[in-house]
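From the two separate chains plus the hints, produce the assembled complex.
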Amino acid sequence: MSARPPLLSRPAPAPDAGGTASGGRAGGDVWVARPRPTPPADDRPRVLIADDDGVTGRVLRHRFERDGLAVEIVADGIDALASLAAFPPTVALINVALAGVDGFEVLRRVRAGDVGAPALRLALMGWAGNDALIVRGFALDADDFIVRPFSLAEVSARIRRLARRAPHAR
Amino acid sequence: MTAFHLVLVLLVGVTVCAGLFAATALLLHAWSARADARRAARTARWEPVLLDVLVGEADPAVFAEGFVRRHHGPALELAATYALRLDGESLTRLSAAMAPLLPRARALLHARRPDRRATAVRLLGFLGTDADRPALALALSDRSPLVAMAAARALARTQDAGYADALIAALGRFETWGTNAVASMLTLFGLPAAPALMRAFASADVPSATRIACAEALRRLGYLPAAGDAAAIAGAAGGVELRAAALRLLRDLGGPAEASAVRTLIESPSDVLRLHAVSALAAISQDPGDAARIEHALSDASPWVAQRAARGLIESGRVASLRALAGGAGQPHRVARQALAEAGLVASEPGSPS
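Here the protein sequences come in this chain order: D and E.
With this note's numbering applied, the first sequence covers 1 to 170.
With this note's numbering applied, the second sequence covers 1 to 354.
A couple of the hints might just be wrong.
Derived Cβ-Cβ restraints for the label pairs, each shown as a range [said to hold, decoys possible]: (1) D:Asp42 <-> E:Pro195: 53 to 59 Å; (2) E:Gly190 <-> D:Gly100: 31 to 37 Å; (3) E:Pro256 <-> D:Gly68: 51 to 57 Å; (4) E:Phe21 <-> D:Asp52: 33 to 39 Å; (5) D:Gly100 <-> E:Gly344: 23 to 29 Å; (6) D:Ala132 <-> E:Ala44: 34 to 40 Å; (7) D:Gly100 <-> E:Glu267: 41 to 47 Å; (8) E:Ala23 <-> D:Gly68: 54 to 60 Å; (9) D:Pro118 <-> E:Gly344: 17 to 23 Å; (10) D:Gly68 <-> E:Pro145: 46 to 52 Å; (11) D:Ala128 <-> E:Gly344: 28 to 34 Å; (12) D:Ala132 <-> E:Ala41: 17 to 23 Å; (13) D:Arg165 <-> E:Gly190: 55 to 61 Å.
In silico contact screen, one side only, chain D against chain E (beta carbon under 8 Å); selected entries [to be verified]: (14) Val55; (15) Thr56; (16) Arg58; (17) His62; (18) Arg63; (19) Arg66; (20) Gly129; (21) Asp131; (22) Arg148; (23) Phe150; (24) Ala153; (25) Glu154.
Derived by calculation from the structure, the hints in this document are not laboratory data.
Ideal Cβ positions, reconstructed from N, Cα and C, are used throughout, including at glycine.
Pulled out of the complex, with its shape left as it was, chain E reads as follows (with noise of 0.2 Å):
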């Protein structure tokens, strides 16, 4: 064979093969549209109905009967998406109405595939009884992150506290999740989990991004217990971020009772713990040796927390010690004009009243 028809060869070749690749392309393009024209009809003639067992002018009793069983995957992926945007007896009455289809969710739970069993764990997480919530926490467990990660957010949705503790253990196979994410996640369990928090956050054999995440959640959950051991952690030694975690806490939670723990953070050499303890010290504290210290801060290395301590006195109520710094022309006054100018509270005149 001359090189000429190797050439010849090869270019055929790769003809053939990019008309299959396209042809292939082309099919699943047009298998995708065929589902999703299915799909969106389905939901075009399943919707009104759904609509109205939730309004209660239709029987949920009534609602899964009228679906064929090759239908009661889709329907339960419709329903899903209802029941996350709802609560109450809108929820009841959803769940009601597919509580016949749910077999199919449970059976998927031992499915090959884990999208499939991610998907089951969902389904039963929104619109499951209470007898599926050991299989959920079962599924903390998976193998497969996909499903860990949809049982969490399932349990967590359940608002059962007695799930709190299993998981907060499972959580560190999240690791991709922000710590925003994961306590927003916790918080749906409510103040009923304090208590499982408080261990995890108080725990130095729990992983760090565990524990600031309970912290954070025990801050959105309000929980006042938690200011003690805040103050514990933020004065041990540590982690800058948890014991950043915890000086949030306290900026929220705490009272004069834990100043004296943050107050000696205000000279931290780290930028991230200075910055926190002013601003916990400012809400905390009414001491005026306190608002000296916070003043004091204006003048940090760090811009971050001069203008943190700025914003910490205005919030606290010293507006009126700020605007007398206003007038000067080093660090301090720059920064207390500007934190004033930010909050609308422009600098008076010398003798005004504050």
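Only chain D is shown next, with the shape it has when bound in the complex (with noise of 0.2 Å):
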């Protein structure tokens, strides 16, 4: 990570700081975040987040934004389907249990050939205490499975490295 300003500070700065999460007094607290840097448009490798969880979308979006990935999130299957052909992303990370068409399904149209590249490189997610979904996914030839609860890091370095084995990766 190159050297950036620090993140917080004490007290606050003016209000007009520029910062997305602009607190300064307001609400009492006294952090204030500084600018975001733009990312560079956009040569960079894409990753798919399908998953109806908005947390945990904010969550990788900002991990990946910072690993130099461009990051589209949708909330369920039909939508990945679409994203899958008009983003079209180098990882697609799928939540199992999405609605309407499941991760399974979708991993299934992609290796058939159905939609995006049957070649792409696809993680499958899911919640810890079910081993049978990870014997599924990689059945159904998921490229990995992210089991959460999960460590960003450990995220991160996994969608990296299958980046990096993209076919045709950038």
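The following block contains the structure:
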């Protein structure tokens, strides 16, 4: 990570400091976020996250963007299928329990050549405690399976590895 | 007072009550909307900084200092939504960032309202330290089931198997939870909890629902030494559900040594036991005699048992014998054809290789 100004400071700078989380004195809290750098456009590897959990999506986006990846988030399987064609991603990270078309079905359609590139690097994601989901995912030729709860550093390493190994990786 | 006046008074009374009710509803709605807006604004203000803490771009030690005292509770709540989804170094960073606010959660453990006590238990489960675990274990016996349930989940998330016995002993309070939910929770402890799960599974003094959940947890953990007890429980007199749970465990973790216990249940008068016995026997025995028993189950009076027998033959690699049966017209032949078709294994023509 390049040298950057400290994120937090006390006391808060002026409210017009330009931070995306310009707390200032608003609400009584005293910390303030620094301005965000604009990401370069846009030959970055692309990651599609398909997950109906907004918190997971936001935290993964934050991590991946700092890894130099372009991120698109969709909330269901139908939108995931559409984004596989329109985005199109270098790596897809798909929740197995999506509404409508679940992650397994998205994976099956990708590998069958119905949507996106059949050789797309695709990782599934699911909650811990049900190994059968992991076994099923790999049986359908998933490239990886991310188990929640997860360590951001580990997920980041796994996704960057898939991005490096993607066909035509940029 | 005439009847007319009485009706008039009643109407006025009803109108006034309705008006008060409507006004109260509007006030509550406005209050709720304002609270939601405040919460959304707080989240928008805090979340970017919290995310930077998680990815290592902000100092966790500084984060909590930025909150005024009245925001300690909401800040902990926000952090808990992230803690639920995180593990490893991410969770460590988050816990470190929120540690200065935890006294607020510890104080809430003694609140009068059960929902506040449950919140405190949840927050300490997500963000607390080892020192908070005895308090979580104590909360298992809280007079409120809400608090006890939160404590059970919080303790399981700590993955400290030292509390597995305490949690298993409290499971009787959670009768509304399904077996899968309880088993998932127990599985969070990991293999170090297997001895405690084994003790509960094998004990006739433990409620049946708890023993079933322990069997399911042992199965999911892949704890092979549980197979011996499972064989004994499957073969003993007792509740069908418990014996079926033992057979499910044997299907995944058993071996030829347990086949004799399973074999006897192929002839059980219970459909449920026959179904699970067929499934288990197909998985754990390569004995030709057992293969014949499973083929015989294709004619079982229960269609579920017959179909399970056919799937068992496929899963154990006995596709050839199933294909050989697929040509006839009776029940076993129909079942064989259906199973082959469902598995995408179209029945071959006579004489072709399987």
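Using the Cβ atoms, figure out if E:Phe21 sits within 33 to 39 Å of D:Asp52. holds (37 Å)
With a cut-off of 8 Å, does the beta carbon of D:Asp131 approach a beta carbon of chain E closely enough for the hint to hold? holds (7 Å)
Given the hint of 31 to 37 Å, check if E:Gly190 and D:Gly100 actually sit that far apart at their C-beta atoms. holds (34 Å)
Is the shortest C-beta separation between D:Ala153 and chain E less than 8 Å? holds (5 Å)
Just tell me: holds or violated, for the beta carbon distance of E:Pro256 and D:Gly68 against 51 to 57 Å? holds (54 Å)
If you check the beta carbons of D:Ala128 and E:Gly344, does the distance land in 28 to 34 Å? At 30 Å between Cβs, range holds.
54 to 60 Å as the expected CB spacing between D:Gly68 and E:Ala23, which holds or is violated: holds (56 Å)
Does D:Val55 pass the interface check with chain E, least Cβ-Cβ distance below 8 Å? D:Val55 check passes; min Cβ-Cβ to chain E is 5 Å, inside 8 Å.
With chain E as the partner, please determine if D:Gly129 meets the hint condition of a C-beta pair closer than 8 Å. Nearest chain E Cβ about 4 Å off; hint holds.
Cβ distance range 41 to 47 Å for D:Gly100 and E:Glu267, holds or violated: Cβ of D:Gly100 to Cβ of E:Glu267: about 45 Å, so the range 41 to 47 Å holds.
Go through the hint on D:Arg66 and say holds or violated, using the shortest Cβ distance to chain E against 8 Å. holds (6 Å)
Closest C-beta approach of D:Arg148 to chain E relative to 8 Å, hint status: holds (6 Å)
Hints 12, 13 from the list above are not met by this structure, while the remaining hints are.
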